[in-house]
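Given these sequences and hints, build the entire structure.
Heads up: the sequence shown at position 122 corresponds to 122 in my numbering, and the numbers run straight through without jumps.
Wrong hints could be hidden among the right ones.
[Unchecked claim] With a straight-line cut-off of 35 Å between C-alpha atoms, the simulated DSBU-like cross-links for lysine-lysine are: (1) Lys-81 with Lys-124; (2) Lys-81 with Lys-10; (3) Lys-10 with Lys-124.
[Claimed, not checked] Restraint-style ranges between C-beta atoms, simulated for each label pair: (4) Glu-41 with Lys-124: 43 to 51 Å; (5) Leu-31 with Met-134: 37 to 45 Å; (6) Leu-174 with Ala-145: 14 to 22 Å; (7) Ile-24 with Phe-152: 34 to 42 Å; (8) Ile-146 with Phe-6: 23 to 31 Å.
These are computed hints drawn from the structure, not numbers from a lab.
Glycine included, every Cβ here is placed at the ideal spot set by N, Cα and C.
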Amino acid sequence: MERFGFIAIKLGVICILSFILQLIYPDIISLLSLNSARVFEEPWRIATHIFIHANVRHLLSNMFALFLFGSMAERFAGSTKFMRIILASLFLSSLGSVIFYRETIGISGIVYGIIGYLAVSRPKTIVLAFGVPMYVCIAALLWIAIDITGIFYPTPIAHFSHIFGMISGAIFGLGDREWGGKNKRRSDVITDKEIERWEEKYMLGNIFHELLNNNSSVTSFRSIKFKDCF
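Right, here's the structure in full:
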């Protein structure tokens, strides 16, 4: 099996360091944001805007989602394919940003791509969303419903970028989906025991399982809502 690359963790660290740099040099935001009027002359903005965030809440909500969902998706897909999912989500969500918005920042287009991948390839994976444990496919439907609704009520949130990103990830998920209860390749099968061992090693799975089984603990996450991304 391919070696785990901690790609989501590495991306998150870059985002955190970039946010610290923002606090020191605020002008960096205008230099690295995805500006639709400048993107053709300054194409690097497609890559750099994901590392810039508006405030601490924006950063923390994206990092929570990136670390949790990203590490799960990388474990299921493998680091090489996971990197392809990230790149595809980056470009497609950026396309949505350029078409519909003047300027965007944040990594949530990629986060939504990751969620889209999990929702299609592993729909019954349990995740914590809106403070409640639920299937990732249900969580994805709720988040996308929020974005579709948000299109008709203008806010600072780049809803189209989220939608484009999720579509990208969902397309990748089709290739890994368990059709009829069977994977395309036997080597793709991941048992519950393997997932538990992985969670204990990489995601502090014992703490996460305690949250799922303890309603009082789950409430501590109620303030985190991913619709605040971008």
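*Against which earlier hints does the structure fall short, listed by number upward?*
Result: no hint breaks.
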